[in-house]
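**Student:** Residue numbers (numbering that gives the first Met the number 0), protein chains in the order written: chain A, 0 to 401; chain B, 0 to 152; chain C, 0 to 228.
Take the hints with a grain of salt, since some may be wrong.
Unchecked claim - The calculated lysine-lysine pairs, modelled on PhoX-like cross-linking and capped at a C-alpha distance of 25 Å, are: (1) K109(B) / K89(C); (2) K85(C) / K111(A); (3) K3(C) / K151(B); (4) K134(C) / K111(A); (5) K76(C) / K111(A); (6) K109(B) / K218(C); (7) K274(A) / K55(A); (8) K10(C) / K89(C); (9) K1(A) / K30(B); (10) K106(C) / K110(B); (11) K110(B) / K12(C); (12) K30(B) / K391(A); (13) K109(B) / K75(B); (14) K134(C) / K163(C); (15) K194(C) / K109(B); (16) K111(A) / K204(A); (17) K76(C) / K107(A).
Derived from the structure by calculation, the hints contain no laboratory data.
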Amino acid sequence: MKTIYLDYAATTYIDAGIFKKIAPYLKKNFGNPSSLYLIGRQAKVAVESARASVAKILGVNSREIIFTGSGAESDNLAIFGVAGTYSNKGKHIIVSKIEHKAVLESAKKLEKEGFKITYLGVDSKGLVNLAELKKSLRPDTILVSIMYANNEIGTIQPITKISEIISNFKKTKSYKLKAKSLTAALPLFHTDACQAAGALTLSVKKLGVDLLTINGSKIYGPKGVGCLYKSEDIKLEPLIVGGGQENNLRAGTENVALIVGFGEALKLAEKLKNKENKRLMNLRDYLIKNILKLIPHSRLNGHMTKRLPNNINISFDGIEGESLVLMLDKQGVSASTGSACTSSDLTPSHVLLATGLAPELAHGSLRLTLGRKTTKRDLDYVLKILPEIVHKLRKISSTTLR
Amino acid sequence: MKYKKIKKTKGDVISGDKYKEKSWVYSETVKDHFFHPRNVLLDDTHYEADGIGVTGSPACGDMMIVWIKVDKKSQKIKECKWRTFGCASAIASTSIMSVMVTENGGMDIKKAMNLKPQQILERLGGLPDRKFHCSVLGDAALREAIDDYVRKK
Amino acid sequence: MSEKNSLFILKDKIVEADDIITFKFFPVKGKMFSFIPGQFVNIYFLDDRCGEQGKPYSISSIPSDDFLNITVKKIGKFSGALHNLKIGEKVEISSPRGYFYPENRMKNIVFLAGGIGITPFYGIIKDYFNDKTDKNIFLFYSNKTKNSAAFSDNLDYLAENWPKLKIVHIFTRENEFNRINIKMLKKYLKNLDKKYYFICGSVGFVTGLWKELKENKVKEEYIRVESFY
Chain A
0 MKTIYLDYAA TTYIDAGIFK KIAPYLKKNF GNPSSLYLIG RQAKVAVESA
50 RASVAKILGV NSREIIFTGS GAESDNLAIF GVAGTYSNKG KHIIVSKIEH
100 KAVLESAKKL EKEGFKITYL GVDSKGLVNL AELKKSLRPD TILVSIMYAN
150 NEIGTIQPIT KISEIISNFK KTKSYKLKAK SLTAALPLFH TDACQAAGAL
200 TLSVKKLGVD LLTINGSKIY GPKGVGCLYK SEDIKLEPLI VGGGQENNLR
250 AGTENVALIV GFGEALKLAE KLKNKENKRL MNLRDYLIKN ILKLIPHSRL
300 NGHMTKRLPN NINISFDGIE GESLVLMLDK QGVSASTGSA CTSSDLTPSH
350 VLLATGLAPE LAHGSLRLTL GRKTTKRDLD YVLKILPEIV HKLRKISSTT
400 LR
Chain B
0 MKYKKIKKTK GDVISGDKYK EKSWVYSETV KDHFFHPRNV LLDDTHYEAD
50 GIGVTGSPAC GDMMIVWIKV DKKSQKIKEC KWRTFGCASA IASTSIMSVM
100 VTENGGMDIK KAMNLKPQQI LERLGGLPDR KFHCSVLGDA ALREAIDDYV
150 RKK
Chain C
0 MSEKNSLFIL KDKIVEADDI ITFKFFPVKG KMFSFIPGQF VNIYFLDDRC
50 GEQGKPYSIS SIPSDDFLNI TVKKIGKFSG ALHNLKIGEK VEISSPRGYF
100 YPENRMKNIV FLAGGIGITP FYGIIKDYFN DKTDKNIFLF YSNKTKNSAA
150 FSDNLDYLAE NWPKLKIVHI FTRENEFNRI NIKMLKKYLK NLDKKYYFIC
200 GSVGFVTGLW KELKENKVKE EYIRVESFY
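Build the full structure now, drawing on both the sequences and the hints.
**Tutor:** Now the structure itself:
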């Protein structure tokens, strides 16, 4: 049976070409980049070359790119790093309610240590409440962290606008403090761009961010590698200390193979971006339109247009997500759900709940995310089997009594 | 003999050979009852139940309704029908529970009242630790149905 | 399903043991409802601090009290939030439910309690004492240490002054028999027959003992369980 993978937001396969580029670093090019001899220097070149390539795409200096082990690690480094360094200037941090758990849990941990956290609400489509952001900024705010595009519902935040709001706040703050520089340094602005990479611009200048997270597993690169862009002007307290790698910001012998893979993946993703976006958007809209048409009592979660090109998230009345996912799996389709049954703490998707969705609809949500190998034929197959599956589950559901 | 401590892992019961493609996230029995549930009440409009029990809520992610018919003379459960909003564990739990109380001529209602989630779990071949509550809910719905019947008598 | 919730106010918090607190709630309106010791209620916060869901807790007070006690061990988010409740705060409490209590015909009862699993038994035992029951009760109470054993002083006092109740304490970190097992049950009960076993505690505790009893020819109808999860 053919399998149709529609969970690209969870992870992607490694592009074959990229795999070929990684392989030598798992075999004969095994050097430690800190070593003085030939294969060490070669490894160093590979790492720095990847770094330069990533820096170029973001429009920043190589020095401003830190390689980490994952998106979660980059998020942790950003948040704990800023908290550790700037806590003498303030202990207030602003995040949105729909951040990735890596950001939310870091914030919660800081809250226990005495930091004050504001969790910004979102509207029914998942857009952050900008008025609330403006009101929440205070003299002791040191960090704002708002994700670029949400992994569950695909909603894209107006990062540039948010950056402007923060910037204006900083200007008035300086004026009030009669500071020497034109704008205050704080608060800093971090964005988790793991889902945005490969689809949206990563130009740091355009976005106006001080910190930015990307990971390899969402862009057809390897798992176990991510990066954090950190503006040169700011300091971060490192999470992992030791041998001084990554400019003393992340100790540990660099995983050359994965870093090379990451650099290549991001390069390729940028190259294919425009064409893929167009192709995926068509497929996405085709799928959304037809699911909503074929299956009654279904609704789209997230924003209609300010949405990642590959994201579909739909709630079906009267049924539960894990059942849906397992039935699809039996017929070869891989997808995911915001249902509680699949989370470790038995609560449904915090993102869906934050948009005001009723818990039972959060339980009955299905996320399909498309990728490079997705074809219209795949989607037609889904459109054939999905209505039957929903119908079957509704027949046995206790909430659909006649 | 010491009792086995259930480890605090997410404990997915993986059935089949883990290394072959056929392995599944639940036991074969759970898989069977999930894809081929028994005793689902498809049309409740004309069903005259002797007792009805409801547990859970859609907001919780699990909700079950159980309808039973009891033989007046023998006090055994003749029929046990159900509907479930929930995951595979929830569906399989209610399905196998309905089989357990109606097989071999039907279970005496006193015995059925004492049916334990552990018995449902045993029959299912196990469930991941975090799904234990699914078997509890199925069990509770059955008890509510029996209680309903007894009160109505 | 009778889902009648009523408003209750917290009047007292009593520390019973490490991480275990008894919460004394009084109804805001009207009188305390009746219940059968051994039953549980669902507790709901008035706001969404833990989502909208409530959680079940065994009642540790008795029907003749004009308040309702639950005894909670701090394990996760919900129980943690309960522990943070301040005196005067209100919660919603459901009507009592569950069937975890001995029937009149059961004369010889064995309670197997794992840690916080003591809660339903505490209410049942107190109620039987007040009613001067003719049942014989043997309680096996397993805890990590004496400091983690809720109600042990009260229970021991009762056992010393009331021949109907016998208690064996098992401290898994201190004792030679470091678990409740068939060997221990046989030692104290002499034989396993004609007794009704009630097991309450974690899923692992309950399932383990249930299996052991069955392997030793105790019939299903003589065993009742309540698992805390």
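**Student:** If a hint holds in the structure, say so; if it doesn't, say that too.
**Tutor:** Consistency of the hints with the structure:
1. Restraint check: the Cα-Cα separation between K109(B) and K89(C) comes to about 38 Å, which exceeds 25 Å; the hinted pair is violated.
2. At roughly 19 Å between alpha-carbon atoms, K85(C) and K111(A) fall within 25 Å of each other, so this suggested pair holds.
3. Restraint check: the Cα-Cα separation between K3(C) and K151(B) comes to about 20 Å, which is no more than 25 Å; the hinted pair holds.
4. Simply put, K134(C) and K111(A) have alpha-carbon atoms about 50 Å apart, too far for the 25 Å limit, and the pair is violated.
5. Between K76(C) and K111(A) the CA atoms are separated by roughly 14 Å; this keeps the pair inside 25 Å, and the hint holds.
6. Of the supplied pair hints, the one linking K109(B) and K218(C) holds, its CA atoms being roughly 14 Å apart against a limit of 25 Å.
7. Of the pairs offered as hints, the one joining K274(A) and K55(A) holds, with about 20 Å between alpha carbons and a cut-off of 25 Å not exceeded.
8. Annotation: proposed proximity of K10(C) to K89(C) holds, straight-line Cα distance about 9 Å (limit 25 Å).
9. For the hint linking K1(A) to K30(B), the alpha-carbon distance of about 20 Å falls within 25 Å, and the restraint holds.
10. Simply put, K106(C) and K110(B) have alpha-carbon atoms about 19 Å apart, close enough for the 25 Å limit, and the pair holds.
11. With a CA separation close to 39 Å, the supplied pair K110(B) and K12(C) exceeds the 25 Å bound.
12. Between K30(B) and K391(A), the direct Cα distance comes to roughly 16 Å. Compliance with the 25 Å bound is thereby established for this hinted pair.
13. In summary, the hint linking K109(B) to K75(B) is supported, as the alpha carbons are separated by about 9 Å, within the 25 Å threshold.
14. In summary, the hint linking K134(C) to K163(C) is supported, as the alpha carbons are separated by about 7 Å, within the 25 Å threshold.
15. For the hint linking K194(C) to K109(B), the alpha-carbon distance of about 17 Å falls within 25 Å, and the restraint holds.
16. As the CA atoms of K111(A) and K204(A) are separated by approximately 34 Å, the hinted pair breaks the 25 Å bound.
17. This hinted pair checks out: K76(C) and K107(A) have alpha carbons roughly 13 Å apart, not beyond 25 Å.
In terms of the numbered hints stated before, the structure departs from hints 1, 4, 11, 16, listed from lowest to highest.
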